[in-house]
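*Asks:* Here are the chains, one letter per residue:
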Amino acid sequence: MIACGLVGGCGLLDDRSEPVQPAAFTAEAQAHSPIFTTAHSTVGASVNDFLMVRPKAVQPIEFPHNIHIEKGLTCLEYCHESVTKGPQAGLPSVNTCMICHAAIATDKPRIQQITAMSDKGIDLAWQRVYGFPAESHVKFNHAPHIRANVECSTCHGDIAHQTVAQRNVNINMGTCVTCHRQKNAPNDCLTCHY
Amino acid sequence: MDRRTFIKLTAITGTSATLASCGNPENTLVRFVPEEELVPGIAEWKPGVCPMCASGCGLSVRVMEADVETTKNGQQGLVRMGVAKKLEGNSAHPVNEGGLCARGQAAIQITYHPDRITQPLKRSGTRGDGAFAMISWDQAIAELVSKLDALEGAGNQKQVAFITGGHRSHRQVLIDAWLAKFGASPAVSFELFGNDVLRQANAVSFGQAQLPTFDLKNARYVISFGADFLGTWNSPVSQSMGYGHMRAGRPGMRGSFVQVESRMTTTGASADQWVPVKPGTAGVLALGIAHAILEHKLKPATNGRAGAQIAGWSAGLPDYSPEKVEQITGVKHERVERLARELAEQSPAVAMVGGVELAHTNALFTALAVNALNELLGAVGQPGGLHFTPQIPMAGPTTGPKQTLDKFAAAVGGGSQPIGVLFVDDANPVFAAPKAWKVREAIERAPYIVSFASFLDETSVLADLILPDHSFLESWSDALPESGSMVAVASVAAPPMKPLFQTRATPDVLIDVSKKLKKPLELPWATYDAMLKATFDGIGADAWATAQKQGGWWGEVPTSKAAAAKAPAAAGSAAGVKAASTQPVAYAEATFAGDAAQYPFHFLPYPSIQFYDGSAAHLPWLQELPDPMTSAMWSSWVELNPQTAAKMNVAQGDIVEIASPIGAVRSPAFINPAIAPDIVAMPVGQGHTTYTRYASGRGQNPVEIVAPVAEPTTGALAWAATRVKLTRVGDPDGKLVLFSAGGELREKPFELEKR
Chain A
1 MIACGLVGGC
11 GLLDDRSEPV
21 QPAAFTAEAQ
31 AHSPIFTTAH
41 STVGASVNDF
51 LMVRPKAVQP
61 IEFPHNIHIE
71 KGLTCLEYCH
81 ESVTKGPQAG
91 LPSVNTCMIC
101 HAAIATDKPR
111 IQQITAMSDK
121 GIDLAWQRVY
131 GFPAESHVKF
141 NHAPHIRANV
151 ECSTCHGDIA
161 HQTVAQRNVN
171 INMGTCVTCH
181 RQKNAPNDCL
191 TCHY
Chain B
1001 MDRRTFIKLT
1011 AITGTSATLA
1021 SCGNPENTLV
1031 RFVPEEELVP
1041 GIAEWKPGVC
1051 PMCASGCGLS
1061 VRVMEADVET
1071 TKNGQQGLVR
1081 MGVAKKLEGN
1091 SAHPVNEGGL
1101 CARGQAAIQI
1111 TYHPDRITQP
1121 LKRSGTRGDG
1131 AFAMISWDQA
1141 IAELVSKLDA
1151 LEGAGNQKQV
1161 AFITGGHRSH
1171 RQVLIDAWLA
1181 KFGASPAVSF
1191 ELFGNDVLRQ
1201 ANAVSFGQAQ
1211 LPTFDLKNAR
1221 YVISFGADFL
1231 GTWNSPVSQS
1241 MGYGHMRAGR
1251 PGMRGSFVQV
1261 ESRMTTTGAS
1271 ADQWVPVKPG
1281 TAGVLALGIA
1291 HAILEHKLKP
1301 ATNGRAGAQI
1311 AGWSAGLPDY
1321 SPEKVEQITG
1331 VKHERVERLA
1341 RELAEQSPAV
1351 AMVGGVELAH
1361 TNALFTALAV
1371 NALNELLGAV
1381 GQPGGLHFTP
1391 QIPMAGPTTG
1401 PKQTLDKFAA
1411 AVGGGSQPIG
1421 VLFVDDANPV
1431 FAAPKAWKVR
1441 EAIERAPYIV
1451 SFASFLDETS
1461 VLADLILPDH
1471 SFLESWSDAL
1481 PESGSMVAVA
1491 SVAAPPMKPL
1501 FQTRATPDVL
1511 IDVSKKLKKP
1521 LELPWATYDA
1531 MLKATFDGIG
1541 ADAWATAQKQ
1551 GGWWGEVPTS
1561 KAAAAKAPAA
1571 AGSAAGVKAA
1581 STQPVAYAEA
1591 TFAGDAAQYP
1601 FHFLPYPSIQ
1611 FYDGSAAHLP
1621 WLQELPDPMT
1631 SAMWSSWVEL
1641 NPQTAAKMNV
1651 AQGDIVEIAS
1661 PIGAVRSPAF
1671 INPAIAPDIV
1681 AMPVGQGHTT
1691 YTRYASGRGQ
1701 NPVEIVAPVA
1711 EPTTGALAWA
1721 ATRVKLTRVG
1731 DPDGKLVLFS
1741 AGGELREKPF
1751 ELEKR
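First to last, the protein sequences are chains A and B.
Mapping of the first sequence onto our numbering: position 107 corresponds to residue 107, and the numbering continues sequentially without gaps.
Just add 1000 to wherever you are in the second sequence, counting from 1, and you've got our numbering.
No lab work stands behind these hints, which were simulated from the structure alone.
All values derive from a computational prediction rather than experimental measurement.
Hints may be right or wrong, so weigh each one.
To be verified - Mimicking DSSO-like on lysine-lysine, the simulated pairs with C-alpha atoms at most 27 Å apart in a straight line are:
| # | chain 1 | residue 1 | chain 2 | residue 2 |
| --- | --- | --- | --- | --- |
| 1 | B | K1519 | B | K1402 |
| 2 | B | K1147 | B | K1516 |
| 3 | A | K85 | B | K1085 |
| 4 | B | K1181 | B | K1519 |
| 5 | A | K120 | B | K1498 |
| 6 | A | K120 | B | K1072 |
| 7 | B | K1147 | B | K1549 |
| 8 | A | K183 | A | K85 |
| 9 | B | K1046 | A | K139 |
| 10 | B | K1086 | B | K1647 |
| 11 | A | K139 | B | K1085 |
| 12 | B | K1402 | B | K1515 |
| 13 | A | K85 | B | K1549 |
| 14 | B | K1122 | B | K1515 |
| 15 | B | K1332 | B | K1647 |
| 16 | B | K1519 | B | K1085 |
| 17 | B | K1438 | B | K1407 |
| 18 | B | K1519 | B | K1498 |
| 19 | A | K85 | B | K1498 |
| 20 | B | K1147 | B | K1438 |
| 21 | B | K1046 | A | K85 |
| 22 | B | K1181 | B | K1498 |
| 23 | B | K1086 | A | K139 |
| 24 | B | K1122 | B | K1516 |
| 25 | A | K85 | B | K1086 |
| 26 | B | K1498 | B | K1435 |
| 27 | B | K1158 | B | K1147 |
| 28 | B | K1402 | B | K1435 |
Kindly generate the complete structure, drawing on both the sequences and the hints.
*Replies:* And the structure:
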């Protein structure tokens, strides 16, 4: 497997590239399908997953967090509203942008860009900045932290003065445990490792 | 650090360096705006209906968000949508009560199978070579409509034929109605392990042409004649639930269980006593027990309807004395007496019959004998006994005329039934029917074959047009359980998720075609869900709303409606039920294909717990599920008694050839002490030539050598009535994969190595 990864080089890294389509739909082609497994479409993808190699987040547009927070929007309303309901904060779809930007700042080039996307039914392919790979065997649930009035900036840093979100707080087990101790939150292993 | 670890580490470090230096791979697929509002990370549980067998178990489907690859306006991209991620049993459903078997658990792989047919296909090569071109739905339906219009224009409506799996559902009702309106030949239904003999026997004994439901929860003693009721027979999950309660659910009372069969199934492995009998003699044992009960007056004699079917019943069954029974069945007469006493003393007791014991030519006698024993035990309609699930009246008639597959194949193959367009839905007769029926040859005579299959299998690969159905999680699904519940039940579920591909629900395609014909068929339903609604509206005012919420409707059927549904001929009963015979029956020896001198062994092709009749062999979870009795996986095998193996000089894993008068198969041997010495058994399900990457070219299909012997009254295939001979032909080929060897569990399965 590793040898294949070496030979394949960079091409194999990209597990999201278009799957190779068989020339025609045949039983023969099915038997020799290029899909590696259902979980990893290529050998490269499985090697990357095994070694936890993850690409750096690149966002589809330069989203200015600072301007939105200056204008009085909070993190939780509209954009990351799932944060109060479930484990993930959620990333807004282009429809969410258009709630305001159908009328606001329609002359800006970035807004025109997303308006055009919205018209075509194409969404913004946001990439996650924070998060753990599945292999790290830890679970994080946003909703209870919001209920406990933990500020977003505790983990995500000073987003209010940033444009595109950067990973500016390095979160590891120490960060979690320290905070849980300070706030008398449960420190049982099974709180996060389940 | 040893040399090996060092090399591994070097390789890993080298790879990561190479990969890390490649820069940032960009997401090349665009993302479409989602159509649903979803809270990421929060699961929703929606009702579903299990499609894997006729039991009609209720499902609870876990639906969560996921990124799905899709194509919109010719552009490939990703869209976030709610998709099914896990199947569990619906805990409120009266059939499975929250349970789900391995096949049901694996059903989720149908939807995400990498070899699913994702859009209509038109044959582009010669028939059977598996080359297809992808076409649009408009094109596909137009082509089908023109073919049907041409037949209709020439007055050849009878040349349309339809092969179905024959499950009891509204889909079957719709197909029957569609065929009747068009004027086509009646539907041909085929189930390899069908239960027509038992339905016929129940019609004769109890006036109900239906499979029985057992109140195992309240039983104290159960004797099963060949019915693998915890594995493959009737409604296994329902029966397992009841069985668990009988054995361990009542403090201080553990029910007893005896299994009568000649090869130990998983059910037999759970029994307190395992009683092997000679093939085709289980009915004699049942009557031997009845004789002993009558002789010792352990139970009051009955003169009911079921007993009246047996010759000599009122005279105390003089022909079935324990000594005679010992001669015929091979079960010691002391044991027959003991079983009789235990059954009579430990009330409520009930007897079951099914599976291999009803796959002989004298099967009807066997079933009638066990029915009479049940009547003597006072088990019919009593707590802890045998019941019939009340039936719900459906939107259309269920008693449509039917053709059996063997008669259809003979008529088409012989040229007496000309054929223009052949539809195939939910059936793979080329794989599952005995070769001797020449089904493939008959099907190939059809100039135009239309399949609704989701996968290329031995039958759909012959099709000229494939109109892929939605998976059961993408469409309305329903089932009308014939048995397994003490109350009337109809399972139904709205689609738990949106379709992933360019597929369409088959019932809706049929309705669409019926409207587009030159002479529209005017079916009474506009869509499939409208048809389902009509049935549920017939039960009660809020039945439809209730059913959608809880995954089905169950309860007491209003008495005025119940009359209409009385004694339904099940959709699966291809032959239909014949009028009750008036002649009492007596034991007649089962006949077998093949001369006993030339073919010394009985051949037992049994339904596999993973694949049933082979229709589930494409699911990798089931392929890797070790068979509970042998621990074999991903392979086929032949089970032999150690005595037989020693006599034939066969060792574990050796390749043996099994030859019947019809043909021969070669497969690795598995030495199994829990099988009678004169029996050679093989699981059905493997041996597909075309059935996705996971099943194609794996193992052997034992049905190929099954002789076309039928039970005479119902015409049902007697699949255990073939004799075979056995030859050792070679050393292990490494294809038999066992999870454990010599009783030792291993972390990884091992392959028997070549010697």
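*Asks:* Hint by hint, note whether the structure agrees.
*Replies:* Hint-by-hint comparison with the structure:
1. With a CA separation close to 25 Å, the supplied pair K1519(B) and K1402(B) stays within the 27 Å bound.
2. Our distance criterion of 27 Å between C-alpha atoms is met by K1147(B) and K1516(B), whose separation comes to about 12 Å.
3. Distance restraint check for K85(A) and K1085(B): the Cα-Cα separation of roughly 20 Å lies within the 27 Å cut-off, and the hinted pair is therefore satisfied.
4. Among the hinted pairs, K1181(B) with K1519(B) is consistent with the structure: their alpha-carbon atoms are about 11 Å apart, no more than 27 Å.
5. Our distance criterion of 27 Å between C-alpha atoms is met by K120(A) and K1498(B), whose separation comes to about 21 Å.
6. With a CA separation close to 10 Å, the supplied pair K120(A) and K1072(B) stays within the 27 Å bound.
7. With a CA separation close to 41 Å, the supplied pair K1147(B) and K1549(B) exceeds the 27 Å bound.
8. Using a Cα cut-off of 27 Å, the hinted pair K183(A) and K85(A) holds, with the two alpha carbons roughly 22 Å apart.
9. Restraint check for K1046(B) and K139(A): satisfied, since their Cα atoms lie roughly 25 Å apart, inside the 27 Å limit.
10. For a cut-off of 27 Å, the pair hint linking K1086(B) to K1647(B) is broken: about 49 Å separates their Cα positions.
11. A threshold of 27 Å between alpha carbons decides the hint, and for K139(A) with K1085(B) the separation of about 18 Å falls inside it, so the pair holds.
12. Under the criterion of a C-alpha separation no larger than 27 Å, the hint pairing K1402(B) with K1515(B) is consistent with the structure, at around 25 Å.
13. Between K85(A) and K1549(B) the CA atoms are separated by roughly 24 Å; this keeps the pair inside 27 Å, and the hint holds.
14. Distance restraint check for K1122(B) and K1515(B): the Cα-Cα separation of roughly 22 Å lies within the 27 Å cut-off, and the hinted pair is therefore satisfied.
15. Between K1332(B) and K1647(B), the direct Cα distance comes to roughly 26 Å. Compliance with the 27 Å bound is thereby established for this hinted pair.
16. Taken as a hint, the K1519(B) and K1085(B) pair is broken in the structure, with Cα atoms around 44 Å apart against an allowance of 27 Å.
17. Taking the CA atoms of K1438(B) and K1407(B), the gap is near 11 Å; set against the 27 Å cutoff, the hint holds.
18. Restraint check for K1519(B) and K1498(B): not satisfied, since their Cα atoms lie roughly 33 Å apart, outside the 27 Å limit.
19. Note on K85(A) and K1498(B): the hinted pairing holds, with a Cα-Cα distance of about 24 Å set against a maximum of 27 Å.
20. Annotation: proposed proximity of K1147(B) to K1438(B) holds, straight-line Cα distance about 26 Å (limit 27 Å).
21. Between K1046(B) and K85(A), the direct Cα distance comes to roughly 19 Å. Compliance with the 27 Å bound is thereby established for this hinted pair.
22. Distance hint between K1181(B) and K1498(B) is unfulfilled; the C-alpha atoms sit about 31 Å from each other, more than 27 Å.
23. Taking the CA atoms of K1086(B) and K139(A), the gap is about 19 Å. The hint holds against a cut of 27 Å.
24. For the suggested pair K1122(B) and K1516(B), the alpha carbons sit about 20 Å apart, so the restraint of at most 27 Å is met.
25. Among the hinted pairs, K85(A) with K1086(B) is consistent with the structure: their alpha-carbon atoms are about 22 Å apart, no more than 27 Å.
26. The hinted pair formed by K1498(B) and K1435(B) fails the criterion: a straight-line CA distance of about 39 Å is larger than 27 Å.
27. Between the alpha carbons of K1158(B) and K1147(B) the distance comes to roughly 13 Å, so the proposed pair stays at or under 27 Å and holds.
28. Restraint check: the Cα-Cα separation between K1402(B) and K1435(B) comes to about 22 Å, which is no more than 27 Å; the hinted pair holds.
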